[in-house]
Amino acid sequence: MKKKNKAELWIAFAAIALIYVAVAILEQTMDNNHIIFTVLKKGAIYSLVAVSMNLLNGFTGLFSLGQAGFMLIGAYTYSIFTMPTAVKLTESVYKYYEAAVKFDTGIFVGLICAGLAAALFAALIGLPVLRLKSDYLAIASLGFAEIIRAIFQWDVLGPVTNGANVMRNYLDLTDVKIPFTDIPFPPTLYVFLAAGVCIALIVLLINSSYGRAFKAIRDDEVAAEAMGINLFKHKEMSFVISSFFAGVSGALLAMYQYTVQAAQFKAAMTYELLLIVVIGGIGSISGSCIASFLYIAASEWWLRGLDMGKFLGIDAPNLFRSGFRRFVFSIIIMMIVLFFSRGLMGDREISFAGLIRRFNRRQTAGATKGGGIDG
Amino acid sequence: MKKLAAILLVLVLVVSTAACSAPAATTTDTAAADQSASGNPVVKVGVYEPASGDNGAGGKQETLGIEYANDVSPTVEINGTTYDVQLVKVDNESSNDKAASAASTLVSAGVSVVLGSYGSGVSIAASPTFEAAGIPCIGITCTNPQVTEGNTHYFRICFLDPFQGTVLANYAFSTLGVKTAYCLSKLGDDYSGGLVNYFVKAFEALGGTCVQDTFPDGNSDFTSYINNAKNSGAEVFFSPVSTEAAQLIIDQAESQSLGMPILAGDTWDSNVILQAAKGKNVDVTVTTFYPEGANAEFDSSFKEWVNADATRLANNGGDDTVAAVTAMGYDAYFFALEAMKKAGSIEPAAIMEALWSTTYTGVSGPIALDQVNGDAIRNTAYVKHCNNETGAWDALPPVTIG
Amino acid sequence: MAENVLRLENVTMQFGGVVAVNNLSLEVNKGEIVALIGPNGAGKTTAFNCVTGIYDPTNGMISFDGKTIVANHPRGKMKKLYAGENAKRYTGVRTVDPTPDQVTKLGIARTFQNIRLWKSMTVFDNVLTAKHMRARQNVFSATLRLTYQEEKRMREETAALLEEQNLLQYASDLAVSLPYGLQRRLEIARALATEPKLLLLDEPAAGMNPQETQELGEFIVQIKNKYQLTVFMIEHHMDLVMQFSDRIYVIDFGRLISHGTPAVVQADPKVINAYLGVSE
Amino acid sequence: MLDFLHANLSYILSGISVGGQYALIAIGYTMVYGILRLINFAHGDVFMCAGLMMVYLSTTLPMSVSIPLVLVLTVLLGFLIERAAYKPLRTAPRMSVMISAIGVSYLLQNAALYFTGGLAKVYPTIPWLSRTVTIWGSTTKMVTLVTPILTIVLVVLLSLLIKYTKVGMAMRAVSKDFETSRLMGIRINTVISVTFVIGSFLAAVGSMLYFTNYASVTPISGGMPGLKCFVAAVFGGIGSIPGAVIGAFIIGIAENIIKGGSSIFGFGGSGWTTFSDAFTFALLIIILVVKPTGLFGEKATDKA
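These protein sequence lines are chains A, B, C and D, in that order. To get the working numbering, take the position in the first sequence, counting from 1, and add 25. To get the working numbering, take the position in the second sequence, counting from 1, and add 35. To get the working numbering, take the position in the third sequence, counting from 1, and add 528. To get the working numbering, take the position in the fourth sequence, counting from 1, and add 6.
Chain A with its partners taken away, still in its complex shape (with noise of 0.2 Å):
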């Protein structure tokens, strides 16, 4: 049996590898303005936030909903630290306040930071909020992302946060550097092995010690608690964790998008990764990961040609007209919330045994539970 299992090991991470080298020829070949590019960006980057909610939701089983205060906190913190000094001396992006942050960082350290941060706060809010249960949890951690996105906004703090003004001029994706060289390091492998990194220790953690004592929560609290599994630390640890790597993403997002301001982090975008954990399936890495692509992709890419007139080579701009895909995409999602309720994995992962034994069609009764990982 453990034999079997690191050989599974080792595929999964020769398919991660790669997948890897494709995205860097894939970036050195192609159009760097090509739609699939941002894709995998976004992709990548929702990839990381699908993952940590899913550490939460499916494997602590904690239904909150406060991922999207979370990735507010890590993209400011982010743009405030890294955006240099001299930037936020002009008037440029400070407008109507006078910067309060006179120090810049590098892009790791704003990464870390940004991740720290959204922790402290998990921690905080996590003391009050984690005691509640399910429904009631949910609504209260909504409630704090709410409150989170006020107070960003607030023109008191403006000096420090630039009140509810655009953030940008911070260092973006197309400041990175190959390490040592003024070379830029090709985006999009950024931030796929930022991303790619992030999922890793997620995975690391899941199949822990401590990744078990969260799924034994999830199962039955009362058994947990009865076998010594202290609930409100581990929670708070899993809650805490979850909303550091939001955070992180949270920085990656600003990265990308050049520019990021607190409205854009609204419950929408929460019930939206939440869609997309769904899709995948609660309590499997993989299916969040392939979800987040897909979802990404379908609405930033496939079909985008529902809004703009023309789609599949059909030309009827009076049925394709703006908001049509959001509302065909609508439907998708209902009918996979309806009809697949466990998603495109459910809780297993993908594994080459699992492919293969589904390919022979041969059902043993230990398909259920495949062995792999996957990034």
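Be aware that a few hints might be false.
Taking lysine-lysine pairs in the BS3-like style, the calculated list, with each CA pair at most 27 Å apart, reads [stated by the list, open to error]:
#1 595/C with 725/C
#2 558/C with 754/C
#3 338/B with 120/A
#4 158/A with 172/D
#5 595/C with 258/A
#6 93/D with 607/C
#7 258/A with 558/C
#8 158/A with 633/C
Rather than coming from a laboratory, the hints here were simulated on the basis of the structure.
Using the hints, position chains B, C and D against chain A.
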């Protein structure tokens, strides 16, 4: 039930396979200059405008101007070659967070130049995406200075908020003779926030005082703001917000009997406002880029074009009023063509270079750009007053500064 | 007198106006197998829940290994509502209200009346997860696999424990896919994985036939000796209780009505009345 | 005190008015939650759809026809949503149903976005309700006065219905114990449908009052009011109808006082309005932490 489920399943499959085959269709479009039906090479012009959300109404009117111009002049001759001009339209949904992805759609469609957007916020938010792709943009009616400040790819053909704010402050202080103004802007909105800021600066410099307030996104209850204005002792209500909010403000101003004139910027120059204010006891004055009637020829031919098609008429708000933004959109299109001719190329980089020295005389007046930020040198704003009986604009004397 | 491991002193648990456990005092000595019996609804599981920290008793004290682990007196609304005895006795005592995991950490493990295994986990993971509490690691070292030796040790111990329970062959099956009897046994194995000194079994023989019950009894004695445990159980199967327990406590309507060796209890008319109803 | 009240009467009037409208929506949330333990995220969007129906119907039909028609259509919409999106998931985990609710909300918003073209629609004027009246020096619309009265009348009627009719008793039974009620032969599906019908009806009435006051309907018009009404329901104690009504009035009034904060209290400038929405959620979190069952909620018994 099962049957229904099966049918739905098939439907999903069809849609998703359709979705999967769609990229083939879009990728063929991405080459920069392919052949059109007429056999001419094509130059793509991106239309980056909101068609939905807060600024949807204005965005549609601005787009109409561009479409009309495209109808009038569907080709352009560059260095002896005739190109068909193809408009690539994308809806930025008036939302800053949709800006980046809408912009990258245009970038990946291979446009040579981008026109828009109505609303400064989305322009600022999308600016870096266009910058990274090296595509020049021409702001049509986005008046916030930050759109063009500190960059070399964003240009603009209208006046700026510091100018507009000053005009409005002068109008309030000198013409209306008021000393206290209540200023309402939308939280996190660059346009209204910026204009209020410049208005306040100018108004206070004249010796007046201002009370400022903001409302959050999605707010539709303005009664408390109107009461705030009344209680603050203000004599004028300055709210240069989106037309969406404007409708509500006008409606609630009447029911709460605001009792003071309302002053606003270019966004309110819209038939949406006229329709909302018609027959109501409100006093609305706005500043704008172009007064209807300034160019009779343009007005009448545009009206004819709009009335010829029900969709156009709907996009223009249901009547054939000529909005200032429409005239500006019309001018922006020709300004872009002029730049292409000057550049002698459809390469974005060449057009960007040429834009600095492009000049053009449009229906809204002569356009030339300054050499600092690429802003139009304009010193005239038109002032209009809403006639509550006829539901039309009455022109007041235009204001020229400097 | 033998050293007592668990000691309940005037424990009263009142929900609103209902007194579920009334002034219960009992002792469990080291190395004993003690049974708590009583008719349905007598308050047995409630008493267990007071010990394991799921409930916070309204009044009374519980000590384990000579240390007070639970102490409470009527507070707040209960001050007025309290219908039990000895209300004033513990007012001076500092309130101790542990969470279940703290109790488990002290060395009290339990099973549940209605089996509560972790549904989505394999047999192996069910036991392995119970070892989490005593693992010497933190979240960083565990995630980054810095303490992989600890993990290895836990896995080896889990395998050994399963082997001993004859469950190793099912290690990679889902826990809930096991037959009922094995699920009970797995629950005991999981409790053992927390390295307890005192094992609380809530109706371990529920739903078993006489033969299985007999085997279970022998098994309990066997693990008791092997791990030097003390066992305190709730049980309805009188065969099991009479044959294997050293002492028995009988409660009815939350009150202790009898206690002593199986022979003594069996002969007590109060016990017979409680089970069969008073025949006056 | 009286002076203060007089000076700020207009804020309080707006608060009472919007509070009453919130109450009508909040009842829908609290009833559905009471019975299905489901946060019906789509309820706010049903409210928005009722507004849009009115906009479209009134262009061709007279008011006397469109008002009842809107009520009927909204009820139908609520009924259909329950049948299509919630009923198939009756045995699924609660989280799935909640996600389905989010999906329906997303669908309704996007459908509205497509059909309206993303533009705000002007709500028609309902003649009598839109009249301007002056009370004690404050001007307002007739609807401001009508709302609280109508709300209270409807709530009383609803309470009577729940207390004395057979279906009302069934509702109470189902909300106490879903499984046992089913075993006792109560037709669960009928009860649930009736709940949705009542909820949607009240939302439709609420939409008429709300949009008469704030006469523009956009696809996201239902979002914020929906969320606030849910908060009102939680605040009052979910499952409790008087609780939802009182919660809604408190939130409506408090929100308007905060919007007028700088004028009423004389300090803080425009900082107040930033928090007018956040305040609602702060209130929610405070009540959840201090008294998780809300003001009038019953304590849920949890089996260990």
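Problem - Distance restraint between residue 558/C and residue 754/C, which requires alpha-carbon spacing of 27 Å or less - result: Holds: residue 558/C and residue 754/C sit about 14 Å apart, inside 27 Å.
Practice task
Take the C-alpha atoms of residue 258/A and residue 558/C, compute the straight-line distance between them, and say whether it is at most 27 Å.
Solution key: 32 Å, violated
Handout entry: 27 Å limit on alpha-carbon distance, applied to hinted pair residue 93/D and residue 607/C
Key = Violated - the C-alpha atoms of residue 607/C and residue 93/D are around 47 Å apart, more than 27 Å.
Handout entry: Given pair status - residue 258/A, residue 595/C, alpha carbons within 27 Å
Key = 24 Å, holds
Practice task
Measure nothing beyond the straight line between the CA atoms of residue 338/B and residue 120/A; if it is 27 Å or shorter, mark the hint as holding.
Solution key: Outside the cut-off at roughly 41 Å; violated.
Problem - Proposed proximity, residue 633/C with residue 158/A (alpha carbon, max 27 Å) - result: 25 Å, holds
Exercise for the section: Measure nothing beyond the straight line between the CA atoms of residue 158/A and residue 172/D; if it is 27 Å or shorter, mark the hint as holding. Expected result: At roughly 33 Å apart (the allowed maximum being 27 Å), residue 172/D and residue 158/A break the hint.
Handout entry: 27 Å Cα cutoff - pair residue 595/C, residue 725/C
Key = 14 Å, holds
The structure fails hints 3, 4, 6, 7 (numbered hints given earlier, in ascending order).
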